[in-house]
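Chemist: If you're matching them up, the sequences are chains V and P in order.
The numbering of the first sequence is the numbering used here, which starts it at 10 and goes up by one.
The numbering of the second sequence is the numbering used here, which starts it at 4 and goes up by one.
In short, the hints are calculated from the structure, not lab data.
A couple of the hints might just be wrong.
[Unchecked claim] Computed beta-carbon distance windows for the label pairs:
#1 P:64 / V:81: 51 to 57 Å
#2 P:406 / V:212: 42 to 48 Å
#3 P:89 / V:36: 23 to 29 Å
#4 P:131 / V:39: 52 to 58 Å
#5 P:374 / V:174: 18 to 24 Å
#6 P:280 / V:144: 40 to 46 Å
[Said to hold, decoys possible] Lysine-lysine pairs mimicking BS3-like chemistry, simulated, CA-CA at most 30 Å apart:
#7 V:167 / P:287
#8 P:262 / V:167
#9 P:330 / P:342
#10 P:262 / P:141
#11 V:167 / P:330
#12 P:69 / P:141
#13 P:125 / P:141
#14 V:167 / P:223
#15 P:83 / P:262
#16 P:69 / P:342
#17 P:162 / P:69
#18 P:69 / P:330
[As the list claims (entries may be wrong)] Rough simulated footprint, nothing fancy, chain V against chain P, three-plus residues with beta-carbon under 8 Å:
#19 74 to 83
#20 104 to 117
#21 192 to 205
#22 252 to 263
#23 385 to 399
No residue lacks a Cβ here, since even glycine has one placed at the ideal position from N, Cα and C.
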Amino acid sequence: MPRPTCGARGGELSERALGIVLLAPMVLVLLLVIAYPLADSLWLSLHRVNLAHPEQGQPFVGLGNYLHAFRQPAFWASLSRTLYFTLLSVALEVALGLLFAVLLNERFRGNLGARLALIFPWALLTVSNGVLWAWILNPTYGVANALLMRLGVLQAPKAWLSDTFWTMHVVILADVWKMVPTMTLLLLAGLQPIAPELYEAAAVDGATRWQKFSRITLPLLRPVILVAVVLQSMGAFRVFDIIYVLTGNGGPADSTKVLAFYAYDQAFQYLFFGYGAAVSWLITACMLLLIVIYMHWLRAGER
Amino acid sequence: MQPLSRRTFLRLVGAASGASLASGLLGSCNSGPTASSAQAVHVLWSDVTHVRAPLLDDFTRATGIKVNQTIVQYNQRLPKIQTAVQGGSDVDVVQMDIVWTARFAAAGWVQDVTSRITDAIKQDVPAAVLSAVTYHGKLYGMPLFNSAKHLFYNARLLKEVGFDHPPATLDEFIAQAKATTRPGQWGSLWSWKQSEALLCDWLSIMFTQPGAQLLDSHGKAVFHTMGGTEALQTMVDLLYHHHVADPASLESTEDDVRKMLQTGTYALTYNWEGVLPEANDPQKSQAAPHIRVALLPGGSGVTSASVNGAEGWAILTQSKRQEAAWKLLEYMASPAWQKKAALTAGDYPILASLYHDPELQQHMQDFAIYGEQFKYLVARPQLPDYAQKSDLIQRHLHMALLRQVSPREAMHAAASEVNRATATP
Chain V
10 MPRPTCGARG GELSERALGI VLLAPMVLVL LLVIAYPLAD SLWLSLHRVN LAHPEQGQPF
70 VGLGNYLHAF RQPAFWASLS RTLYFTLLSV ALEVALGLLF AVLLNERFRG NLGARLALIF
130 PWALLTVSNG VLWAWILNPT YGVANALLMR LGVLQAPKAW LSDTFWTMHV VILADVWKMV
190 PTMTLLLLAG LQPIAPELYE AAAVDGATRW QKFSRITLPL LRPVILVAVV LQSMGAFRVF
250 DIIYVLTGNG GPADSTKVLA FYAYDQAFQY LFFGYGAAVS WLITACMLLL IVIYMHWLRA
310 GER
Chain P
4 MQPLSRRTFL RLVGAASGAS LASGLLGSCN SGPTASSAQA VHVLWSDVTH VRAPLLDDFT
64 RATGIKVNQT IVQYNQRLPK IQTAVQGGSD VDVVQMDIVW TARFAAAGWV QDVTSRITDA
124 IKQDVPAAVL SAVTYHGKLY GMPLFNSAKH LFYNARLLKE VGFDHPPATL DEFIAQAKAT
184 TRPGQWGSLW SWKQSEALLC DWLSIMFTQP GAQLLDSHGK AVFHTMGGTE ALQTMVDLLY
244 HHHVADPASL ESTEDDVRKM LQTGTYALTY NWEGVLPEAN DPQKSQAAPH IRVALLPGGS
304 GVTSASVNGA EGWAILTQSK RQEAAWKLLE YMASPAWQKK AALTAGDYPI LASLYHDPEL
364 QQHMQDFAIY GEQFKYLVAR PQLPDYAQKS DLIQRHLHMA LLRQVSPREA MHAAASEVNR
424 ATATP
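With the rest of the complex left out, here is chain P (with noise of 0.2 Å):
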């Protein structure tokens, strides 16, 4: 055989690149919306499961105006996001998480709504909900849903070991999952992977601390010394002091915790609402029907905490339909989505009215708690920067529950990092 001359060389890689990036264009063509007009809208949101789809098309029966869907993963939302408004999409409507709000109104991507927004609204909306999409005082939004997270057990592992109610506090947390750790079985599984996930569950066991707190008046990190290192210390020995937690833990997110928790060997999980029906339900888990739900463990003088999940709507600052997206907010702040979207979705409606509603009390389970539980609702810092110093904090603390540091050592060193960040290149 000839061995292989230079140009000849060159041309195979050459081809070879030219079919890799033919590939690579081909397959990043994505299926966008199909149409748009004057009398469309056009949001891109988390819709996965399509249930919500009923509701877009009640609107358009309502209003005339066409909705037109971009649906992706929440872990792909920001990008997907931050590419239409560099590249100048015609997306109109983004859904927005709790956590991003402040990154996008400082940025100027969204709409300042606060002039918007009538009294009529703010009367049934609490203030409280509306902070998910309120940046320095000002409302980039309108909150599509309440979210918190609560603790879902398999009452009937528990009852096997003798307790007939859930943990109030983490030290009967504790000694509930040692009775129910045998072989095959765990008495608690955690959505510890590096993720949001893992910072909400260590916000949720620090705050079960009285003063605990993540920053400063002036915004400087101060978790390490109040309360930070003693809840990361607490989960550490949920790994390795106590065997009370499943190792797969730290590779498991949200989901996988709540699909796990519908084999029927795990005890104890705290998770985001909307995990009863499929748990609950014989043709799809194996815990049915035995799953229930409680308010997070508390601590000492502290009765419960827990993360506010909530997500808005927010139209972008680009938008040529603002009016449009306008009347596409307001229906969705309407009772008529609202209490649809609770009863198809299970979403959490953002209306005090719904709360007392008998037909949403008697179809979803979890409702009662969660109105208990949002009175111990523990806000993440509303922070343009928030998605690097969150990063910051996650790898310090995964770093810590693969016992690489000391939790000690781990907080110390993510709170220096998190007040160095600031320094951006």
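Extracted from the complex, chain V is given alone in its bound form (with noise of 0.2 Å):
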């Protein structure tokens, strides 16, 4: 049967022709919502911009609003805070991601049912994991103080999200079991394609299953691992949402405040728009810095 063509063939488009008309509409939209609001941005944190004083103008002040942001101590604090939060989840959640992913990597029966049910923190939206974990950790009819006193692990309830210590390691903890599924799966999928006759070879001359592990599995995996820590540490670095949800205000006393907080905060509680423009920069340098350090380690890697 003769296939149906679309007319005649000068009436056609090229096949380039037709790549750059079906591609137009997403550039377009990608630079009004992209490019734009960056170039829009970059230009806010060159000017001071207040708001709520806007008989000052917006004059032009180069790098004031950056040099501003060094001077200051919450800003660093904030920094240090951001830091502790990316390092301790995006390890924890390698470190899980990889066992839950090497036991799933197992025939075992439930395979897929746990496979299944290690979604579902993943499929939950960030606000509900937040709203969730306020729920299980609150002081007076939180399961987290129920059952912890009935273990006998606490005499009284323990009011959680009141304490610098346990506020910030609460949050890495909502975040890490949000995240690990993320990670098991990336690290599954880079597990399945090692193929068995490696480890048969390495069983044949002894290897033990620690030697298998760490000689076979990690180096091959290693690619996947970096590709992996590469998208956690960009979404830990740029982290607000469960900490807004469990604390409200980067609190007690802006023990959780980390940076996307503070940028927060300058723009929109107090509207110093050109400030909050720089820390948002700044925010984006430090994550250009992490990716550029994990390549390098990458290339290394391959050489």
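Build the complex: two chains, separate frames, hints provided.
Modeler: Below, the structure is given as structure tokens:
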């Protein structure tokens, strides 16, 4: 049967032109929603824009906003909290993700069920996750206190989110709980193509389980781990929503006020839009730096 | 397995960031107003329970002007208003907290309506009420409701330990809280999460001292030497010296306090009006019907001190429907709206005449107290950069409440930071 044609050959777009036409709307949308705001925020970051005082105008201040950030103890404190959050949460996510991926890569009854169960936290909206943990940790009717008191770990209910140490770690726990599935799935995808023959050969040579893991699995998984680490770090570095839902204000006593929260406060609470934009660019710079470091490691591994 | 090439790596990262961007964009889509026409005004406010929706219907029936609403939680309202103003959305009227009036007015976001507010309106809306929307002597909106914090207490728990009246002073408060604190039960619970609520309670305690002062006549912070330190010490003592405040206070908002009072295990709480109907509803509250309302405790020579939490409606300068918007404000200030809002939503009316209304007096259990509490209101300063200064104070208050610093250190640091904060980036 002859295939239907789209009309005269002369009237058809060349493949290249068609590609451009099909991509054009997306490029336009991306320009509108990414390129324009990016350029605008760069402009903002170089000007003093204080919306509460429009009479001051919007004078050009060069790198003034950036230098102002470096002079603020609150900026450095937020940066160190962000780094702590990023390092600890990503490290835990990698460790747990690796453990679950290796387990799920084995054949056992209920494997499919376990994989499905793993997806649940990931499918949850971050905000719902935050609300969920807020309920779990509620000092009066939360399940965490009830459980720990029944087990005899706690004598009296604990106000978890009133304690600077616990609040930061509870936020990390909530983030890890939600993000481990992503990590597990990425690592599982990396594990599956590893040829079983490698393990069989190693077994013939008398390798132990640990040797197989450290000499075969880990090196072959390294590139996937790096991708996963980059993605998770980028997410963790700009963390905002889970902290907003759990603490409302980056409290107690600013102990969870990470960089994104600091930028939000400056721009949206205090209306220092120029300064807020500068802090956002500093966040971007930090993330780029992280990516460059990871890329460097990756290339070192390829050689 | 082949090691990942750089190209594949970049592609993966790109695809993942593209996907997260797309989901972010989708996630941020919001249900906006349904329709807009010349005869429709768009209100951005916080009627989250939709209990005031019939009032807007009444307005539409009376004037033929439709009302579109965007409803957001209190904590999201300020960023939402800022986005509406900066993004040039078609919002006409916004609900303005008393502490935002200065900021909105100074930034030129809201319309000066001084000339529109007639003597007839002024006769029934007391000047103290209008102060919620006043900045530098000009009026920038219409008060929506009055508001103040009261003492809500569990009369049964007090009676069990021999008290037949609520505390009139802070000393009595501490004594009653001590007597009612026992395993599984706390004498008091507070909204001392690091937020505006914390500042409100600090002020309510601070102004029980005669001569307490926040700022001097030049706008300089003097609270550290004018009662602020003593107030903070009282708060710290309630937690760690008297052990009569539930440590959960440090992570609780007013709404948490309202709900936890209903468990029947707390004796004394500070909160905004509107607590009673639910707290004394046996279907919803284990504390029903024992919750009562009283004036906030005072001190030596001071009967009581509470914070003015009034809110208003303001017309955005950018609104293209100024006349219709004003009609809405006018209607909202009428007895028709104000009485119905009191009956259905528990709002305290802005009209002095309604405080003598027998129907309201009968229906609203805290009504009589409010008339009295209104005499002892503390106004928070009307400053364009209030939010930043309040945040600074909140952080230092919280640090002292967590015992990271002493109340004295916290207050001195807060005052010096507030005085330096005028040097904006």
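Chemist: Next, verify each hint and record whether it holds.
Modeler: To see whether the hints hold, each was checked on the structure:
1. P:64 / V:81: 51 to 57 Å: 54 Å, holds
2. P:406 / V:212: 42 to 48 Å: Roughly 59 Å apart at Cβ, these two residues miss the hinted range, so it is violated.
3. P:89 / V:36: 23 to 29 Å: 26 Å Cβ-Cβ, so the 23 to 29 Å window holds.
4. P:131 / V:39: 52 to 58 Å: 54 Å, holds
5. P:374 / V:174: 18 to 24 Å: For residue 374 (chain P) and residue 174 (chain V) the Cβ distance comes to about 46 Å; the hint is violated.
6. P:280 / V:144: 40 to 46 Å: 25 Å, violated
7. V:167 / P:287: 25 Å, holds
8. P:262 / V:167: Holds, at about 18 Å.
9. P:330 / P:342: Holds: residue 330 (chain P) and residue 342 (chain P) sit about 18 Å apart, inside 30 Å.
10. P:262 / P:141: 39 Å, violated
11. V:167 / P:330: Given pair residue 167 (chain V), residue 330 (chain P) is violated - Cα atoms ~52 Å apart, limit 30 Å.
12. P:69 / P:141: Holds - the C-alpha atoms of residue 141 (chain P) and residue 69 (chain P) are around 29 Å apart, at most 30 Å.
13. P:125 / P:141: OK: residue 125 (chain P) and residue 141 (chain P) at ~13 Å, within 30 Å.
14. V:167 / P:223: 39 Å, violated
15. P:83 / P:262: Answer holds: residue 83 (chain P) to residue 262 (chain P) is near 27 Å, not above 30 Å.
16. P:69 / P:342: With a Cα-Cα distance of about 21 Å, the restraint between residue 69 (chain P) and residue 342 (chain P) holds, given a limit of 30 Å.
17. P:162 / P:69: Measuring from Cα to Cα gives roughly 52 Å; hence the hint is violated.
18. P:69 / P:330: With a Cα-Cα distance of about 11 Å, the restraint between residue 69 (chain P) and residue 330 (chain P) holds, given a limit of 30 Å.
19. 74 to 83: That given contact holds, which follows from 3 residues of the segment 74 to 83 of chain P lying within Cβ reach (below 8 Å) of chain V.
20. 104 to 117: Holds: 4 residues of the segment 104 to 117 of chain P have a Cβ under 8 Å from chain V.
21. 192 to 205: This one holds; 3 residues, not fewer than the three required, reach chain V with a Cβ under 8 Å.
22. 252 to 263: With 5 residues in contact (Cβ-Cβ under 8 Å with chain V), the coverage given for the segment 252 to 263 of chain P holds.
23. 385 to 399: Our answer is that it holds, as 7 residues pass the Cβ test (under 8 Å) against chain V, meeting three.
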